[in-house]
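Colleague: Working from the sequences, and respecting the hints, build out all of it.
Residue numbers (numbering that gives the first Met the number 0), protein chains in the order written: chain U, 0 to 311; chain E, 0 to 239.
Read the hints as simulated data drawn from the structure, not as lab findings. Just so it is clear, the structure is predicted and the values come from calculations on it, not from any experiment. Even glycine gets a Cβ: it sits at the ideal position worked out from N, Cα and C. Honestly, I wouldn't trust all of these hints.
[As the list claims (entries may be wrong)] Keeping only pairs whose Cα atoms sit at most 27 Å apart, straight-line, the calculated DSS-like set for lysine-lysine is:
#1 E:Lys76 x E:Lys27
#2 E:Lys179 x E:Lys27
#3 E:Lys76 x U:Lys165
#4 U:Lys300 x U:Lys2
#5 E:Lys76 x E:Lys62
#6 E:Lys134 x U:Lys164
#7 U:Lys300 x E:Lys134
#8 E:Lys134 x U:Lys165
[Stated by the list, open to error] Beyond 12 Å from chain U on every Cβ pair, some chain E residues (computed):
#9 Ser67
#10 Asp96
#11 Glu145
#12 His224
#13 Leu227
#14 Tyr232
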Amino acid sequence: MRKFLPIVLLALFALIPLVGLSSYLMHILILVVMWSVIGMAWNLLGGYCGQVSFGHAAFFGVGAYSAGIIYTKLGVSAWWGIPLSIIVVALVALVIGYISLRLRGPYFVLSTLAIGEVFRVSAENLEGLTQGNLGILIQERTWVEKIWYFYIILFIAAVTFYLIKKTIASRLGYYFVAIREDQDAAESLGINTTLYKTIALCMSAVIAGLAGAFYTNYMGYIDPDVVFSLSDISIVTVMVVMVGGVATFWGPLVGAVIMVLFAELIRSIPMLGAAHQTLFGILLIIIIIFLPNGIAGDTSKILRLLRIRRSS
Amino acid sequence: MSLLEIRGISRFFGGLAAVSDVSFMVDKGAIVGLIGPNGAGKTTVFNMINGFYAPSKGEIYFKGEKISQLKPHQICKRGIARTFQVVKPLQRMTVLDNVIASAFVRARNRAQAEAMAMETLKFTGLYDDRAILSKSLPLGKRKKLEIARALATQPEMLLLDESCAGLNPSELNEAIEIIKKIRDRGITILIIEHHMKVIMSISDRIVVINYGQKIAEGTPLEIRHNPLVIEAYLGEAQSA
Numbered sequence: 000m001r002k003f004l005p006i007v008l009l010a011l012f013a014l015i016p017l018v019g020l021s022s023y024l025m026h027i028l029i030l031v032v033m034w035s036v037i038g039m040a041w042n043l044l045g046g047y048c049g050q051v052s053f054g055h056a057a058f059f060g061v062g063a064y065s066a067g068i069i070y071t072k073l074g075v076s077a078w079w080g081i082p083l084s085i086i087v088v089a090l091v092a093l094v095i096g097y098i099s100l101r102l103r104g105p106y107f108v109l110s111t112l113a114i115g116e117v118f119r120v121s122a123e124n125l126e127g128l129t130q131g132n133l134g135i136l137i138q139e140r141t142w143v144e145k146i147w148y149f150y151i152i153l154f155i156a157a158v159t160f161y162l163i164k165k166t167i168a169s170r171l172g173y174y175f176v177a178i179r180e181d182q183d184a185a186e187s188l189g190i191n192t193t194l195y196k197t198i199a200l201c202m203s204a205v206i207a208g209l210a211g212a213f214y215t216n217y218m219g220y221i222d223p224d225v226v227f228s229l230s231d232i233s234i235v236t237v238m239v240v241m242v243g244g245v246a247t248f249w250g251p252l253v254g255a256v257i258m259v260l261f262a263e264l265i266r267s268i269p270m271l272g273a274a275h276q277t278l279f280g281i282l283l284i285i286i287i288i289f290l291p292n293g294i295a296g297d298t299s300k301i302l303r304l305l306r307i308r309r310s311s
Numbered sequence: 000m001s002l003l004e005i006r007g008i009s010r011f012f013g014g015l016a017a018v019s020d021v022s023f024m025v026d027k028g029a030i031v032g033l034i035g036p037n038g039a040g041k042t043t044v045f046n047m048i049n050g051f052y053a054p055s056k057g058e059i060y061f062k063g064e065k066i067s068q069l070k071p072h073q074i075c076k077r078g079i080a081r082t083f084q085v086v087k088p089l090q091r092m093t094v095l096d097n098v099i100a101s102a103f104v105r106a107r108n109r110a111q112a113e114a115m116a117m118e119t120l121k122f123t124g125l126y127d128d129r130a131i132l133s134k135s136l137p138l139g140k141r142k143k144l145e146i147a148r149a150l151a152t153q154p155e156m157l158l159l160d161e162s163c164a165g166l167n168p169s170e171l172n173e174a175i176e177i178i179k180k181i182r183d184r185g186i187t188i189l190i191i192e193h194h195m196k197v198i199m200s201i202s203d204r205i206v207v208i209n210y211g212q213k214i215a216e217g218t219p220l221e222i223r224h225n226p227l228v229i230e231a232y233l234g235e236a237q238s239a
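Modeller: Written out as structure tokens, the structure reads:
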């Protein structure tokens, strides 16, 4: 039964649009699936390989701008940005990995935080390439209906899920977890830690970049403040996985559902402004204290709490 | 020909010479003990053989090849495995997964790695604990897991760093048996150990270091009667 859960869930998701949801609900659904892709990408590097990144907006943004720039500069469809982003983001990740993966623990985290900001500031100032703060507008949308966008991101999510599941069960997965648990022990067990950390970073970056390239096509407008945002992309990525469950297969999906709904809920509160980040912070504190393994990682704990509540 | 040859290695940390000009050889199939008082530099010697530190001076040869500039994972692939004094189990992995992760160095696929891991777990007596998360193992079994993990990389030479420290008497006898069984498989062993009963009963040769320098080398019997060694361990006998 458990074995078929991914397929059943995929089928269910594929059927949802057929009930005729409003455009707004379709938008929410697309965001949930897109964030689960970004979460899965982060989880591969941060959850399994233990290299926590606070700069995934760099990869998301480079993916988004790959699609945007070929549209404005070459005049081809922004959908070509999806295959193109794989190459561009992989190269960017190789360079970043070469520099920052020699750092360990908190130092690596800080370097990724800086890298995300470096990309945002660069995108703002390289006006010849990115049109700076003006942003890039995709003038003709491929579809008016949201349903095809939904199926495209759902396809990306399904492939990502399958890929990660296969990876984790293979040699790569064992090496990633070994590096997370103890880098010195892993190294002395014959694991080339630098090489495998770089592989984890590249895989993670490419997946996040795909989501970015999709975002450009879907939203039709990007600017540096949106796609390279520290608080709205990098931090939310970490939160999706923290809330859902670090190093679990379902964590990113659960986290994406909760975070997207939570963000929409907060947006509906009037006069809140930038204070919505405070609420994100409070949610994160609650999760860390009560469910350190996230919702998917602490299911047994949640069930036990519910049972006690019911019996008393 | 000796399997491992250490030629005049030194290691400085700032101005401090943790190891200075140590040379010795380890013959194939032997068990060689490396002893010395606390802080003598034994683990630093291991860290240099294993590749964590490059020697500040001197060279290390394994099977006639220079290995002293290689990284730990390259040295492991050439056939030297080690255990850690402060055990480093991969905590949130099961015992079996710990050993599979290291068996992958030689295995071509997952099935082969698992078969190798199972065999190693039976050999070290951890088979019944294979499904337990390694962070919940007691110390005695963690020490065994260190050995199992090192063995799963199918080394020609094994560096054991205090694998018997902190064990109770029955675990100790078990550990000695395992070490002898490893030797009988043709694996050469270099062992750091404070437990004199262990080191005297299993070693073919013993190297003694103190303040980072080699002060004696010989058979257990020679070492037992060497005045320099007695002085290093007990202080000057006359002054007592």
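Colleague: So, for every hint listed, does it hold in this structure?
Modeller: Verification of the hints:
1. The straight-line distance between the Cα atoms of lysine 76 (chain E) and lysine 27 (chain E) is roughly 18 Å, inside the 27 Å bound, and the hint therefore holds.
2. With a CA separation close to 15 Å, the supplied pair lysine 179 (chain E) and lysine 27 (chain E) stays within the 27 Å bound.
3. For the suggested pair lysine 76 (chain E) and lysine 165 (chain U), the alpha carbons sit about 26 Å apart, so the restraint of at most 27 Å is met.
4. For the hint pairing lysine 300 (chain U) with lysine 2 (chain U), the CA-to-CA distance comes to about 23 Å; that is within 27 Å, so the pair holds.
5. Annotation: proposed proximity of lysine 76 (chain E) to lysine 62 (chain E) holds, straight-line Cα distance about 13 Å (limit 27 Å).
6. As the CA atoms of lysine 134 (chain E) and lysine 164 (chain U) are separated by approximately 24 Å, the hinted pair is consistent with the 27 Å bound.
7. The suggested pairing of lysine 300 (chain U) with lysine 134 (chain E) holds, with an alpha-carbon distance near 20 Å, which does not exceed 27 Å.
8. Simply put, lysine 134 (chain E) and lysine 165 (chain U) have alpha-carbon atoms about 26 Å apart, close enough for the 27 Å limit, and the pair holds.
9. Taking the minimum C-beta to C-beta distance to chain U, about 16 Å, the non-interface status of serine 67 (chain E) holds against the 12 Å cut.
10. The Cβ of aspartate 96 (chain E) sits about 7 Å from the closest Cβ of chain U, inside the 12 Å cut-off, so the non-interface label is violated.
11. For glutamate 145 (chain E), the shortest C-beta to C-beta distance to chain U comes to about 9 Å, within the 12 Å cut-off, and the non-interface label is violated.
12. Under the 12 Å C-beta cut-off, the non-interface status given to histidine 224 (chain E) relative to chain U holds; the minimum distance is some 36 Å.
13. With a least beta-carbon separation of about 32 Å from chain U, leucine 227 (chain E) lies farther than 12 Å from that chain, consistent with its non-interface assignment.
14. Distance to chain U confirms tyrosine 232 (chain E) as a non-interface residue, since its nearest Cβ pair spans about 30 Å, more than 12 Å.
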